[in-house]
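Engineer: The residues making up each chain are set out below.
Protein chains: 2
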Amino acid sequence: MTTICVPSEEEAQLVGRRDGLEVLVWDGEGEPPAGVERIEFLVPNYPASKISDDALGRMGALRVVQLLSAGVEPWLGRVPAGAVLCSGRGVHGASTAELAVAGAVSLLRRLPEFAAHQAEHQWVKHRTDDFDGRRVLILGAGDIGTRVATALGAFGAEVTLVGRTARAGVAAIDELPGLLPDAQVVVLALPATPETHRLVDAKFLAALPDQAILVNVARGTVVDTAALLTELTARRLHAFLDVTDPEPLPSDHPLWSAPNLIITPHVGGGTLDWMRRGYRLVREQLQRYEAGEPLQNVVADGF
Amino acid sequence: MTTICVPSEEEAQLVGRRDGLEVLVWDGEGEPPAGVERIEFLVPNYPASKISDDALGRMGALRVVQLLSAGVEPWLGRVPAGAVLCSGRGVHGASTAELAVAGAVSLLRRLPEFAAHQAEHQWVKHRTDDFDGRRVLILGAGDIGTRVATALGAFGAEVTLVGRTARAGVAAIDELPGLLPDAQVVVLALPATPETHRLVDAKFLAALPDQAILVNVARGTVVDTAALLTELTARRLHAFLDVTDPEPLPSDHPLWSAPNLIITPHVGGGTLDWMRRGYRLVREQLQRYEAGEPLQNVVADGF
Chain A
2 MTTICVPSEE EAQLVGRRDG LEVLVWDGEG EPPAGVERIE FLVPNYPASK ISDDALGRMG
62 ALRVVQLLSA GVEPWLGRVP AGAVLCSGRG VHGASTAELA VAGAVSLLRR LPEFAAHQAE
122 HQWVKHRTDD FDGRRVLILG AGDIGTRVAT ALGAFGAEVT LVGRTARAGV AAIDELPGLL
182 PDAQVVVLAL PATPETHRLV DAKFLAALPD QAILVNVARG TVVDTAALLT ELTARRLHAF
242 LDVTDPEPLP SDHPLWSAPN LIITPHVGGG TLDWMRRGYR LVREQLQRYE AGEPLQNVVA
302 DGF
Chain B
2 MTTICVPSEE EAQLVGRRDG LEVLVWDGEG EPPAGVERIE FLVPNYPASK ISDDALGRMG
62 ALRVVQLLSA GVEPWLGRVP AGAVLCSGRG VHGASTAELA VAGAVSLLRR LPEFAAHQAE
122 HQWVKHRTDD FDGRRVLILG AGDIGTRVAT ALGAFGAEVT LVGRTARAGV AAIDELPGLL
182 PDAQVVVLAL PATPETHRLV DAKFLAALPD QAILVNVARG TVVDTAALLT ELTARRLHAF
242 LDVTDPEPLP SDHPLWSAPN LIITPHVGGG TLDWMRRGYR LVREQLQRYE AGEPLQNVVA
302 DGF
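Going down the list, the protein sequences come from chains A and B.
Mind the numbering: the first sequence is residues 2 to 304 in this note's numbering, read in order.
Mind the numbering: the second sequence is residues 2 to 304 in this note's numbering, read in order.
These are computed hints drawn from the structure, not numbers from a lab.
Mixed in with the good hints, there may be bad ones.
Unchecked claim - In silico lysine to aspartate or glutamate, EDC-like type, Cα no more than 20 Å apart, as pairs: (1) B/K126 - A/D246; (2) B/K51 - B/E248; (3) A/K126 - B/E248.
Same shape as in the complex, but just chain A (with noise of 0.2 Å):
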């Protein structure tokens, strides 16, 4: 007999019913549920898990956390002994990518302005830059990474993958001092770590030739909010960012009326067939653990 628990009913149903496995439902928030210390395999909430470190403590049996999210962030040291940590890698790789790219067209080509005279029902060209010859970096060279890159490669675009380690194929992020002020275009898709935590500074920022667009599809504390608001207001950068710092992004917060900027509220993930594509995941690892082998998108504690 196998223990797997998950937030909800729906998510129950999805992992299905049967003998030689017990499902429990708890959403995370009060007192967990009857056979907490059975559960060994717990799916915490996507996006943000209310799982609190005194309900693990009472999971002795834990052996997997399997997270619905890319980010691991929340979960790095928290995961009891004997347990591991697994991502929720391609489950939101896809979608997180389509938007990256959306928004950097939409930027390059200033698709807005053409909303806007749309909307007043007049046809008005301008001409923009386009991605064919365009020099483009994509930080992060995982799912949604490698995704994003043969995009905009289909568009001409000459893009170089930036990883925490060289590899074929991929500049490692040391190199970034010299890789920056070629980039037309900066592409955030790496994990939220201490490594990360505000790597796109001032510093970093003004590095970029003018004109340069940001996209940040990977966490708002990758970049140092402040700064990207003076090079926006500044009108030197162009930037999308679906997720901020802080976030949600209060309506009062100046980064709303920042000019060249187009924001969407941390929808890259957590489209509508999100939770399908989760709960295969979810099966295909609980079908492996359950035979013994090894899991997949296993995170070496402390990323």
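With chain A held as given, fit chain B onto it using these hints.
Structural biologist: Coordinates of chain B only, in the frame set by chain A:
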């Protein structure tokens, strides 16, 4: 000595003057230039040439008409015997593909609603569809269509390319009746020919499932505007149109007010960099012509 005629002095400089090459400049307005009878290689204006049949008749030495557009329809049947028509395939393909993809993602992810929230400084999430697992039909398997296919494939879409005839990886256009009922997104990237004129009529649109998305980056005349307007007004379909019929769209045209529609004013090509790319092609073609080698992008008349 070869004589080439281009529409502007800027373009003459991109061709480059040199020994053995006579470069005439004429934009097609008024009288043809002195030496019209020597023109072998003609580059008409992008996007719309005003060169008359009368002027063409005076170009007795004409061997090549090199267009700078992917579409060739205004020139079909006009090129004198002994001359070939070459398209500008590749010049605008990447920029047109990126616009098609951005338009499709904007509709699927309902980005105009997020833009409205941004204008009101409101962080309001909503769940939307995405391309992962979505069935996409791309009509036109040329430069634009294959680029769109690669990008949407990177977002997890199940893409079917459709061409005039079936070949590896491409379905034939006469298979459409069986393909349309399953197509959640249809991208038009085919040439305007007598066969494709109003191909997308009321019957075509009626065959699409509810809430399907139509993207037109080909030519406005491929779509029956009135039939599309009916479907949009009924809120049964969504559309992104970079091209319309008529074009430019008059400010009192009802299409401007249709729901679930994004319009851009035929700006898929013609970006800031198109001329540099266009004259890279012209120089290559001229070199081939002078060397007696086969030209690229030759259009069989009657295409």
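Engineer: Work down the list of hints and note, for each, if the structure agrees.
Structural biologist: Going through the hints against the structure:
| no. | hint | verdict |
| --- | --- | --- |
| 1 | B/K126 - A/D246 | holds (16 Å) |
| 2 | B/K51 - B/E248 | holds (17 Å) |
| 3 | A/K126 - B/E248 | holds (12 Å) |
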